[in-house]
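K.L.:
Here's the letter readout for the chains.
Number of protein chains: 2
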Amino acid sequence: MNKFLIVVAGGKGLRMGGELPKQFMIIGDKPLLMHTLQQFYTIQPDIRITLVLPKDHITYWNTLCKKYRFDIPCSIIEGGNTRFQSVKNALNSISETEGVVAIHDGVRPFPAPQVIKNAFSTALKTGSAIPVLPLTDSIRFILPKGSKVADRSSYRIVQTPQTFNLALLKQAYSQPYDELFTDDASVVEALGKEITLIDGNRENIKITHPSDLLWAETYLKRQ
Amino acid sequence: MNKFLIVVAGGKGLRMGGELPKQFMIIGDKPLLMHTLQQFYTIQPDIRITLVLPKDHITYWNTLCKKYRFDIPCSIIEGGNTRFQSVKNALNSISETEGVVAIHDGVRPFPAPQVIKNAFSTALKTGSAIPVLPLTDSIRFILPKGSKVADRSSYRIVQTPQTFNLALLKQAYSQPYDELFTDDASVVEALGKEITLIDGNRENIKITHPSDLLWAETYLKRQ
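Listed in order, the protein sequences are those of chains A and B. To convert a position in the first sequence, counted from 1, into the working numbering, add 77. To convert a position in the second sequence, counted from 1, into the working numbering, add 77.
Keep in mind the hints are simulated off the structure, nothing from the lab. Keep in mind that this is a model prediction, so the values were computed, not measured. Watch out, some of these pointers could steer you wrong.
Here are the simulated distance ranges between beta carbons [as the list claims (entries may be wrong)]:
| # | chain 1 | residue 1 | chain 2 | residue 2 | range |
| --- | --- | --- | --- | --- | --- |
| 1 | A | Glu271 | B | Lys132 | 44 to 52 Å |
| 2 | A | Thr140 | B | Ile103 | 39 to 47 Å |
| 3 | B | Gln162 | A | Leu297 | 37 to 45 Å |
| 4 | A | Thr119 | B | Gly223 | 26 to 34 Å |
| 5 | A | Gln300 | B | Leu97 | 19 to 27 Å |
| 6 | A | Glu271 | B | Ser170 | 50 to 58 Å |
| 7 | B | Thr136 | A | Pro211 | 26 to 34 Å |
| 8 | B | Lys143 | A | Glu271 | 51 to 59 Å |
| 9 | B | Asp133 | A | Asp148 | 54 to 62 Å |
| 10 | B | Ser170 | A | Lys225 | 28 to 36 Å |
In silico DSSO-like cross-links for lysine-lysine, where the CA-CA straight-line distance does not exceed 27 Å [to be verified]:
| # | chain 1 | residue 1 | chain 2 | residue 2 |
| --- | --- | --- | --- | --- |
| 11 | B | Lys225 | A | Lys247 |
| 12 | A | Lys225 | B | Lys202 |
| 13 | A | Lys247 | B | Lys222 |
| 14 | B | Lys270 | A | Lys222 |
| 15 | B | Lys165 | A | Lys225 |
| 16 | A | Lys298 | B | Lys107 |
| 17 | B | Lys247 | A | Lys225 |
| 18 | B | Lys225 | A | Lys202 |
| 19 | A | Lys194 | B | Lys225 |
| 20 | B | Lys298 | A | Lys298 |
| 21 | A | Lys225 | B | Lys283 |
| 22 | A | Lys283 | B | Lys225 |
| 23 | B | Lys222 | A | Lys194 |
| 24 | A | Lys225 | B | Lys225 |
| 25 | B | Lys194 | A | Lys225 |
| 26 | B | Lys247 | A | Lys222 |
| 27 | A | Lys298 | B | Lys283 |
| 28 | A | Lys225 | B | Lys270 |
| 29 | B | Lys222 | A | Lys225 |
| 30 | B | Lys143 | B | Lys107 |
| 31 | A | Lys283 | B | Lys298 |
| 32 | B | Lys298 | A | Lys107 |
| 33 | A | Lys270 | B | Lys225 |
| 34 | A | Lys270 | B | Lys222 |
| 35 | B | Lys222 | A | Lys202 |
| 36 | B | Lys225 | A | Lys165 |
| 37 | A | Lys222 | B | Lys194 |
Virtual Cβ for every residue (Gly too), placed ideally from N, Cα, C.
Chain A with its partners taken away, still in its complex shape (with noise of 0.2 Å):
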């Protein structure tokens, strides 16, 4: 079977005097998105790997790649105006049709090897895995004046890889953009496809705030 696997590294500019976008940060000895990267590649070695990036950060990748001396083979795609254009570009320059797909977040560093096995299989068989967890904190929804209590044992969180047939995903981003395609996931469910859900991990956090990122790096140091 071929597996494929795209990681979506969009990410604020690099803007002069401008913070330095997650995905480049240091983490350990070198930058969080080589660590996704290279986390997929120890436990499928066979997988191919299309990396997307804003056009004005391909060069200082490359210049990091030579850096830290990484040499995972990877495609570099320029990405889209939006998270949901920049998979597109992505499917687009994989000429097969046949196999399984992961999009990943280049900024989760760590899904469990058992997440990522169990993502590919699940994909093979049903079409679709979405690595998802319950809430550890109570929620509310938001009303137009107010809000209310929700029932948060009714809801998941959803992470990724998010991993599907090829075929059906290409088909899934063939569609015209929709406000409502929030994930991947969504994407595919627009098509009118059932999705299956399977167990994530909780180390598997999206970096989004400075506390992240300083977690990151203790979790880092203890494994």
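Since chain A is already given, all that's left is putting chain B on it; use the hints.
P.N.:
Quick look at chain B alone, frame taken from chain A:
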């Protein structure tokens, strides 16, 4: 204004061979629960604290207080079978009827000073103050069969301290228990009262999973 704090430290049993409940685990120089209490006491030294503990944890807690020379004044109250009953027991132990009361999870050691101050001042004005945060991950709604995407921008993660006018909260807790009471805001809401949301802080996590404990240790060291 009378300021009250009820800290609910339910946790799991202290069975022989079982894991130590999170609230008693050592982070930095002392048990987690002591960090939580100290944070409020430092910001609001005039606060009157009621600590709710399961019956079979009280002796252990007293031993810890001696060992760590922990001398922040707390009234200790025996918890009930549910969180609802525990808060109710604590409210019943407060004879006053005027003031503002914050209910806080014992395993949330890092509410920001600004959040604590804002919670009390907002609850004084509007009757309630619930710290919330936007979700960083997508969420899905679980259906009897399958699941569907939910618009995460319409939801907020709910934290503590959930802070209320004391008389209002006492009235709310005189209602019979309902399964929809997942937090204190939902109990007050059942009276038909509108809830005021305030900004929470990302670091104020509920220590639930082993990776949270690791995070807490790291965060403390950086403080």
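K.L.:
Look at each hint and say if it fits the structure.
P.N.:
Going down the list of hints, with the structure as the test:
1. Glu271/A / Lys132/B: 44 to 52 Å: Because 47 Å falls inside the window, the suggested range holds.
2. Thr140/A / Ile103/B: 39 to 47 Å: Cβ of Thr140/A to Cβ of Ile103/B: about 44 Å, so the range 39 to 47 Å holds.
3. Gln162/B / Leu297/A: 37 to 45 Å: holds (42 Å)
4. Thr119/A / Gly223/B: 26 to 34 Å: At 33 Å between Cβs, range holds.
5. Gln300/A / Leu97/B: 19 to 27 Å: holds (24 Å)
6. Glu271/A / Ser170/B: 50 to 58 Å: holds (51 Å)
7. Thr136/B / Pro211/A: 26 to 34 Å: Since the Cβ atoms of Thr136/B and Pro211/A sit about 33 Å apart, the hinted range of 26 to 34 Å holds.
8. Lys143/B / Glu271/A: 51 to 59 Å: Between Lys143/B and Glu271/A, where Cβ atoms are some 58 Å apart, the hint holds.
9. Asp133/B / Asp148/A: 54 to 62 Å: Holds - the Cβ-Cβ distance for Asp133/B and Asp148/A, about 57 Å, lies within 54 to 62 Å.
10. Ser170/B / Lys225/A: 28 to 36 Å: The hinted range 28 to 36 Å holds for Ser170/B and Lys225/A, with Cβ atoms some 30 Å apart.
11. Lys225/B / Lys247/A: This hinted pair holds, its Cα atoms lying about 20 Å apart.
12. Lys225/A / Lys202/B: holds (20 Å)
13. Lys247/A / Lys222/B: holds (26 Å)
14. Lys270/B / Lys222/A: Since the Cα atoms of Lys270/B and Lys222/A sit roughly 13 Å apart, the hinted pair holds (cutoff 27 Å).
15. Lys165/B / Lys225/A: holds (22 Å)
16. Lys298/A / Lys107/B: holds (23 Å)
17. Lys247/B / Lys225/A: holds (20 Å)
18. Lys225/B / Lys202/A: Roughly 20 Å separates the two Cα atoms, so the pair holds.
19. Lys194/A / Lys225/B: holds (24 Å)
20. Lys298/B / Lys298/A: Cα-Cα ~15 Å, so holds.
21. Lys225/A / Lys283/B: OK: Lys225/A and Lys283/B at ~21 Å, within 27 Å.
22. Lys283/A / Lys225/B: This hinted pair holds, its Cα atoms lying about 21 Å apart.
23. Lys222/B / Lys194/A: It holds: about 25 Å lies between the C-alpha atoms, which stays within 27 Å.
24. Lys225/A / Lys225/B: holds (20 Å)
25. Lys194/B / Lys225/A: Roughly 24 Å between the alpha carbons, so the hint for Lys194/B and Lys225/A holds.
26. Lys247/B / Lys222/A: Status holds; Cα separation ~26 Å.
27. Lys298/A / Lys283/B: Distance ~23 Å between Lys298/A and Lys283/B Cα, so the pair holds.
28. Lys225/A / Lys270/B: holds (11 Å)
29. Lys222/B / Lys225/A: It holds: about 25 Å lies between the C-alpha atoms, which stays within 27 Å.
30. Lys143/B / Lys107/B: This hinted pair holds, its Cα atoms lying about 12 Å apart.
31. Lys283/A / Lys298/B: holds (22 Å)
32. Lys298/B / Lys107/A: holds (23 Å)
33. Lys270/A / Lys225/B: holds (11 Å)
34. Lys270/A / Lys222/B: holds (13 Å)
35. Lys222/B / Lys202/A: holds (19 Å)
36. Lys225/B / Lys165/A: Given pair Lys225/B, Lys165/A holds - Cα atoms ~22 Å apart, limit 27 Å.
37. Lys222/A / Lys194/B: holds (25 Å)
Checked against the numbered hints listed earlier, the structure breaks none of them; every hint is satisfied.
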